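Peer 1: Okay, here's what each chain looks like letter by letter:
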Amino acid sequence: MTYIRTHREEVSIAAALIVLAGVLAIAAPGYFARENLSDLLLGNVPVLVIALGMTLVIIAGQIDISVGSNFAICSVAAGVLVKAGLPLPAAVLGTCVIGGGLGAINGALVGYLGIPSIVVTLASMVALRDALRWQTQGAWVQDLPINFQWFGFSQSSYPTVVILTTTFLMVFFAWGMRKLAAGRAVYATGSNPEGARLAGIDTSLVVFCVFLVAGLLTGFAAVLNSVRFNQIPSNGGLGLEMKVIAGVVVGGAAITGGVGTVAGSVLGVVLLGAIGPALTFLGVSAYWERAIQGGIILAAVINYARSAAGSRH
Amino acid sequence: MREVLPEAGIKQFRIPVVPAGVWILLAALLGQVALFSVIAQNFLSASNFVEVLRFSVELGLLAVALTPVIITGGIDLSVGSMMGLAAVVFGAAWRDWNLPVPAAACVALLSGIAGGGLNAFLISKLQLPPLIVTLGSFWMFRGIAEGITHAAVNYTDFPKSFLALGQGYLANVIPAQVPVFFLIFAAYVVLLHRSTVGRSWYAIGSNAAGARYAGIPVSRRLGLAYLLSGLTSSIAAIIYVAHLGQARSDAGTGYELDAITAVVLGGTSIFGGRGNLWGTLLGLFALSILQNGLHLAALPSELSGVLTGILLVSVISLEQWLPRRGIHRLDQPEEVQVKNSQVAVLCAAVLVSALIVAGTNVWLVRSVGRSPEEKTAPATATAHRPVIAVMPKAKGDPYFVSARAGAEDAARELGVDLIWDGPTNLEAAKQNELIENWITRRVDAIAVAVENKAGISTVLRKARDRGIHVLTWDADAEPDAREFFANQATSEAIANTLTDEAARLLGGKGDFAIITGALTAANQNEWIAFIKRRLDKYPNLKLATIRPSDDDRDKAFAETQTILKAYPAVKLIMAISAPAVPGSGEAVRQAGRKDVNVIGLSLPSICKPYVHDGTVQTVVLWSTHDLGYLTVYGSAMLVENKIPTAAKSIQAGRLGKLEVRDGEIILGPPLIINKANIDQFDF
Numbered sequence: 001m002t003y004i005r006t007h008r009e010e011v012s013i014a015a016a017l018i019v020l021a022g023v024l025a026i027a028a029p030g031y032f033a034r035e036n037l038s039d040l041l042l043g044n045v046p047v048l049v050i051a052l053g054m055t056l057v058i059i060a061g062q063i064d065i066s067v068g069s070n071f072a073i074c075s076v077a078a079g080v081l082v083k084a085g086l087p088l089p090a091a092v093l094g095t096c097v098i099g100g101g102l103g104a105i106n107g108a109l110v111g112y113l114g115i116p117s118i119v120v121t122l123a124s125m126v127a128l129r130d131a132l133r134w135q136t137q138g139a140w141v142q143d144l145p146i147n148f149q150w151f152g153f154s155q156s157s158y159p160t161v162v163i164l165t166t167t168f169l170m171v172f173f174a175w176g177m178r179k180l181a182a183g184r185a186v187y188a189t190g191s192n193p194e195g196a197r198l199a200g201i202d203t204s205l206v207v208f209c210v211f212l213v214a215g216l217l218t219g220f221a222a223v224l225n226s227v228r229f230n231q232i233p234s235n236g237g238l239g240l241e242m243k244v245i246a247g248v249v250v251g252g253a254a255i256t257g258g259v260g261t262v263a264g265s266v267l268g269v270v271l272l273g274a275i276g277p278a279l280t281f282l283g284v285s286a287y288w289e290r291a292i293q294g295g296i297i298l299a300a301v302i303n304y305a306r307s308a309a310g311s312r313h
Numbered sequence: 001m002r003e004v005l006p007e008a009g010i011k012q013f014r015i016p017v018v019p020a021g022v023w024i025l026l027a028a029l030l031g032q033v034a035l036f037s038v039i040a041q042n043f044l045s046a047s048n049f050v051e052v053l054r055f056s057v058e059l060g061l062l063a064v065a066l067t068p069v070i071i072t073g074g075i076d077l078s079v080g081s082m083m084g085l086a087a088v089v090f091g092a093a094w095r096d097w098n099l100p101v102p103a104a105a106c107v108a109l110l111s112g113i114a115g116g117g118l119n120a121f122l123i124s125k126l127q128l129p130p131l132i133v134t135l136g137s138f139w140m141f142r143g144i145a146e147g148i149t150h151a152a153v154n155y156t157d158f159p160k161s162f163l164a165l166g167q168g169y170l171a172n173v174i175p176a177q178v179p180v181f182f183l184i185f186a187a188y189v190v191l192l193h194r195s196t197v198g199r200s201w202y203a204i205g206s207n208a209a210g211a212r213y214a215g216i217p218v219s220r221r222l223g224l225a226y227l228l229s230g231l232t233s234s235i236a237a238i239i240y241v242a243h244l245g246q247a248r249s250d251a252g253t254g255y256e257l258d259a260i261t262a263v264v265l266g267g268t269s270i271f272g273g274r275g276n277l278w279g280t281l282l283g284l285f286a287l288s289i290l291q292n293g294l295h296l297a298a299l300p301s302e303l304s305g306v307l308t309g310i311l312l313v314s315v316i317s318l319e320q321w322l323p324r325r326g327i328h329r330l331d332q333p334e335e336v337q338v339k340n341s342q343v344a345v346l347c348a349a350v351l352v353s354a355l356i357v358a359g360t361n362v363w364l365v366r367s368v369g370r371s372p373e374e375k376t377a378p379a380t381a382t383a384h385r386p387v388i389a390v391m392p393k394a395k396g397d398p399y400f401v402s403a404r405a406g407a408e409d410a411a412r413e414l415g416v417d418l419i420w421d422g423p424t425n426l427e428a429a430k431q432n433e434l435i436e437n438w439i440t441r442r443v444d445a446i447a448v449a450v451e452n453k454a455g456i457s458t459v460l461r462k463a464r465d466r467g468i469h470v471l472t473w474d475a476d477a478e479p480d481a482r483e484f485f486a487n488q489a490t491s492e493a494i495a496n497t498l499t500d501e502a503a504r505l506l507g508g509k510g511d512f513a514i515i516t517g518a519l520t521a522a523n524q525n526e527w528i529a530f531i532k533r534r535l536d537k538y539p540n541l542k543l544a545t546i547r548p549s550d551d552d553r554d555k556a557f558a559e560t561q562t563i564l565k566a567y568p569a570v571k572l573i574m575a576i577s578a579p580a581v582p583g584s585g586e587a588v589r590q591a592g593r594k595d596v597n598v599i600g601l602s603l604p605s606i607c608k609p610y611v612h613d614g615t616v617q618t619v620v621l622w623s624t625h626d627l628g629y630l631t632v633y634g635s636a637m638l639v640e641n642k643i644p645t646a647a648k649s650i651q652a653g654r655l656g657k658l659e660v661r662d663g664e665i666i667l668g669p670p671l672i673i674n675k676a677n678i679d680q681f682d683f
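Chains as they are written, first to last, in the numbering used here: chain P, 1 to 313; chain S, 1 to 683.
Hints are supplied without guarantee of correctness; some may be wrong.
Every beta carbon over 12 Å from chain S, so not counted as near; a handful from chain P, in silico [said to hold, decoys possible]:
(1) Val97
(2) Leu180
(3) Arg184
(4) Thr280
(5) Ser285
Taking lysine to aspartate or glutamate pairs in the DMTMM-like style, the calculated list, with each CA pair at most 20 Å apart, reads [unchecked claim]:
(6) S/Lys571 to P/Asp143
(7) S/Lys675 to P/Asp143
(8) S/Lys594 to P/Glu35
(9) P/Lys83 to P/Glu10
(10) S/Lys453 to S/Glu413
(11) S/Lys462 to S/Asp157
(12) S/Lys608 to P/Glu35
With the Cβ distance kept under 8 Å, some of the chain S side facing chain P (calculated, not the full set) [said to hold, decoys possible]:
(13) Ile132
(14) Thr308
(15) Pro548
(16) Asp552
(17) Asp554
(18) Lys565
(19) Ala569
(20) Ile606
(21) Pro609
Just so you know, these hints were derived from the structure itself, not from any lab.
All values reported here derive from a predicted model rather than from experimental measurement.
Even for Gly, the Cβ is constructed at its ideal location relative to N, Cα and C.
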């Protein structure tokens, strides 16, 4: 019972997932076919990986809406690096460095110059996206080496690799946020920056680092997504930031900072990622999908507000 | 005593009339004006200024409405979606419920109040964070608008008297909507800067708990700001409809970010408590003039995004580091302690922006330097080389990118100057704005791939009145708004070819699914309508579902994966957006479903791997190179008056003799591209 009380958010999303699964089991059992679940998982892994970084950013009391543009740049960069003849591991590293670098610029402007994160990342979202358009003129990266797709693994073994990597990342971040001093510093900075500073935490560094991590993970997610294909479009990640933020927020992270868990975010992303295809399976017209998703976000938020009000009494 | 004490007390909380940020912005604005007067043609003219005003109205209304919201420390992301919803409600009320225009406008305003009221209720009564609430309503409002119209209904043919509000002039000089804007602006100024309501917004933004203790009805005042924001968005929607002559569910897409940018640029603090409407007005002009100047200087539209980002960050960071006079806040020490690391970061940021600006300059100089060099090339060049401005529907779309190569070939061959620019996304209002700018720049011919027929025709007619030749390509405007239409293939021919191919591959019987572009894409919706009509010929062919891809390869991939499992009977995927064909192809290939065919409308270059391995059977298209070539060639012929109005055919350079019929230059039937011939095509 104490677990339910202290993990209200996670429990309510898990309940929502169970209800969804129940409805699907009756109305569209085909949803639970192994291939469908595996496709869904692979399709949502990039969102999930970025959501890990976004969870840190939001817990630190900041926001990053430039991840979609960063994702597009990293996707193209991965292709360009591989075509330039770099071996795959080096290209992956290079892409993560580029993603991390772009994240670090955001982090420096927010952490050290004190410009609000929504302003900084709004500017970099627009600037990066248009810079990429200008540079590529809309051209795709084509003629990639044959071993680019699936990282050189086979199509059947690749999901295992991705699941292992992602699980490792999730466990690491979930553990780190609870047990590491750095993780606690992120919570402290988010819930009371001035208090954290007085307690000896370098809050500027914390803010800088969460953006850096978000950038690194965005770069990695771009690689994970790109290797599922054999060519790379130059307009990837459109609207990705909204998907990621929605998942994290539905997962119970408070946009005001200091509150949220990695597990919650993972559940939130899974719930939102599962609903889209579920609506197709249930035969809901595509025209109403967006309205339903908006409604779910509002419902989740209202639910938290009520439970928060309940716990206050 | 009475004179001294209250004076000292009040001074502490006084907010300066012109904060430091506004001065910086004013300087940036003047810098822009100075720069563009030098490099842009006809920039400094009254008529240009007036047109800039016209295009700023809708965005301006949103920015004005957002200013008090942000001053209370909140945010409203739903304003753009609210515009889409109100526009659709207005159209539906007028056409479907047969209400007169004023009554329909009232219904639209009511929808704005309802939407704003919903936000207000959730934020002020339930005390939910504004960012989350409006993120939810951002999706929900747009979703409802798409739901009621099925994203396809486009309300047009509004009465002339109504359209005058968005397209007409007062006293032949002032655009009709500009006074409306300034009226609302004035009302907001009074409310925010001259009333107790406004003072309480500032108080809430500085310290909500303090405001409550001071006796301010915080929740009611907070709600009012969001309610007004919804109402003002619906006013913006009505003006937008009058301006473009159409009401569609995509009205105002992406406006929320531009509006927030304008407000923040204007010195309003995103944390609340600080800012004013005059700054917002300046921020709005800084954005509009930047875009206008870039268009007039024939610089690519992508630059405006990059420069807007740099402008935003540099203005805000300068503002952070200039001492704020007149505000003494308890949480700020009197002297700002500047650490070395902070100075280093600031220097680095300035250095990076300087590098980017320098890079831009190099590019600028190069582009300026290139034209005289080309000028000397043709021996017959006269003093004035014709300038032909060609607009694609969206700049980054691979389809239009490949058409550009053909356009450039023709320009080189004929010795004309080509301006190739367009919206960076499918934004209906941007096309109109760009054409207005080209009229101001006095180009010789304009060729447009039309995104919205009803809205663009007005401005094209204006161009023709000013003696500019007008051609349309890819998609047509109203016939009297252009001289010729370079027609690659009719929508009906495309739809029929695709449906016939589907029937052939399925043996006339079976289920198929369509992956379209955005649900609101006009072209695709027209094709779908023709495809459905053609299906009458094939009674055993069944359209199982239509899914959107938003012109995103990865989304098309995911949607196809789902369709394959949710509709196991589907044996053919018809993808009618260029990036969707490779997306669907990859999904079918990875699923190993050899029994499923993929056909569609796309570019051979990006489909090649899938056509070769047999996943994609047929790609239907025309030569995009030739279409681009014909567009520029035809425009150049118009400029030199080489096409008589009664012409039955024209000699179009390397394309040879082309048929002209009912004001349309026909490129030829659509190409059917398959494994056998795909290697012949290089676009």
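Peer 1: All the hints need checking, so say for each whether the structure fits it.
Peer 2: Each hint, compared with the structure:
no.: 1; hint: Val97; verdict: holds, 17 Å
no.: 2; hint: Leu180; verdict: holds, 24 Å
no.: 3; hint: Arg184; verdict: holds, 23 Å
no.: 4; hint: Thr280; verdict: violated, 5 Å
no.: 5; hint: Ser285; verdict: violated, 8 Å
no.: 6; hint: S/Lys571 to P/Asp143; verdict: violated, 29 Å
no.: 7; hint: S/Lys675 to P/Asp143; verdict: holds, 18 Å
no.: 8; hint: S/Lys594 to P/Glu35; verdict: holds, 16 Å
no.: 9; hint: P/Lys83 to P/Glu10; verdict: violated, 43 Å
no.: 10; hint: S/Lys453 to S/Glu413; verdict: violated, 31 Å
no.: 11; hint: S/Lys462 to S/Asp157; verdict: holds, 18 Å
no.: 12; hint: S/Lys608 to P/Glu35; verdict: violated, 27 Å
no.: 13; hint: Ile132; verdict: holds, 5 Å
no.: 14; hint: Thr308; verdict: holds, 6 Å
no.: 15; hint: Pro548; verdict: holds, 5 Å
no.: 16; hint: Asp552; verdict: holds, 6 Å
no.: 17; hint: Asp554; verdict: holds, 6 Å
no.: 18; hint: Lys565; verdict: holds, 5 Å
no.: 19; hint: Ala569; verdict: violated, 12 Å
no.: 20; hint: Ile606; verdict: holds, 6 Å
no.: 21; hint: Pro609; verdict: holds, 6 Å
Hint violations for this structure: numbers 4, 5, 6, 9, 10, 12 and 19, all remaining hints satisfied.
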